[in-house]
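Asks: Make a model of the complete structure from these sequences and hints.
Residue numbers (the UniProt record's numbering): 1 to 301.
You may find that some hints are simply not true.
[As the list claims (entries may be wrong)] Taking lysine to any residue and the SDA-like style, the derived pairs with C-alpha atoms no more than 20 angstroms apart in a straight line are:
1) K29 to N129
2) K29 to R89
3) K29 to R78
4) K29 to D49
5) K29 to L47
6) K29 to A19
7) K29 to E81
8) K29 to D50
9) K29 to R97
10) K29 to G145
11) K29 to S98
12) K29 to I70
13) K29 to E108
14) K29 to E96
15) K29 to F11
16) K29 to N42
17) K29 to N9
18) K29 to H39
19) K29 to Y18
20) K29 to P64
Simulated from the structure, these hints should not be mistaken for lab results.
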Amino acid sequence: MHISKVDLNLFIVFEAIYAEGSITRASLKMNLTQPAISHALNRLRQLFDDPLFERQGHVMVPTPLARSIIDPVRQSLRGFEVTLNGVERFEAAGSERSFSLALRDVLEASVLPPLMARVAREAPLVGLNTLQVGRRELESELAAGTLDAAIDILLPLSNDIRRTLLATDQTVVLVRRDHPAVRGTLDLDGYLTLEHIQTSSRRRGPGLEDFELSRLGLQRRIRLRCQHYFAACRVVSQTDLALTMPERLARVVNQQFGNQILGVPLQMPSLDIYLYWHANVDADPASLWLRGQINDAVLVT
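Replies: The following block contains the structure:
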């Protein structure tokens, strides 16, 4: 079937139902009536000869066919949007646009304060949503435009995803200010005699420092495994446990605790942080502006 015979607005409705999981919420999102959304869905069902969505309780669950076409539909819609925006200038000072940025929670505390300070000065009406997106879904969400950019470590993504190095971080060790066994310096023997906190969102598995220790045939004792560095820093301030973590975040989170920040007494790889975006917004004025704000914000942290 030739594209000229298809109403492309139907695919906007399709994406809205897929994203919202509900005809009611899709109608609110698109500012259309529920009968109008239902009529568009019926036309799509005839076009594809497939129900596309099946009701399960209050949720519209996509069929296998709908799941197979959502990514190319989103990429196509994103391409049209970029083309339309490309003929317009992006005026940050008057824009009311909202950007979505994938950002691991470990980076939020160091990146967001300077970034939002810059955005507030240059674009007082622009909004920013930060999300934690699974790394397997990162490329498809950038392609679909549900994400404008992402900040993460070096990832094995396709050539459709552009990247630039934002910053290089180091690893440090935190112990409480009056730790009885540590006075300003820490060697490897001392590091191994301490009991440690491992901070990770995963239920199990070693940290980067454990990999490096294993290369030397060594192992540390993990006394506590927790999810967030803020909680870990607070535990450090009230116990004799040690915490190994990225230096940039340590300088921010540790301000109210006053723990000692020491060098890691073993060879550790640097922690490289990258900014990612899709090739289809490479020259998009709004994306260029956002990437510039992120780059400048990270440089001052």
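Asks: The structure should be examined with respect to each hint, and the outcome stated for every one.
Replies: Here's how the hints hold up against the structure:
1. K29 to N129: holds, 17 angstroms
2. K29 to R89: violated, 26 angstroms
3. K29 to R78: holds, 17 angstroms
4. K29 to D49: violated, 26 angstroms
5. K29 to L47: With a Cα-Cα distance of about 23 angstroms, the restraint between K29 and L47 is violated, given a limit of 20 angstroms.
6. K29 to A19: Given that 20 angstroms is the threshold and the Cα spacing comes to 10 angstroms, the pair holds.
7. K29 to E81: holds, 17 angstroms
8. K29 to D50: Distance ~24 angstroms between K29 and D50 Cα, so the pair is violated.
9. K29 to R97: Judged against 20 angstroms, a Cα distance of about 16 angstroms means the pair holds.
10. K29 to G145: Status holds; Cα separation ~16 angstroms.
11. K29 to S98: The given pair, whose Cα atoms are some 15 angstroms apart, holds under the 20 angstroms limit.
12. K29 to I70: holds, 18 angstroms
13. K29 to E108: Judged against 20 angstroms, a Cα distance of about 28 angstroms means the pair is violated.
14. K29 to E96: Roughly 17 angstroms separates the two Cα atoms, so the pair holds.
15. K29 to F11: Holds, at about 14 angstroms.
16. K29 to N42: holds, 19 angstroms
17. K29 to N9: Holds: K29 and N9 sit about 14 angstroms apart, inside 20 angstroms.
18. K29 to H39: Answer holds: K29 to H39 is near 16 angstroms, not above 20 angstroms.
19. K29 to Y18: Distance of about 12 angstroms is within 20 angstroms: holds.
20. K29 to P64: Given pair K29, P64 is violated - Cα atoms ~24 angstroms apart, limit 20 angstroms.
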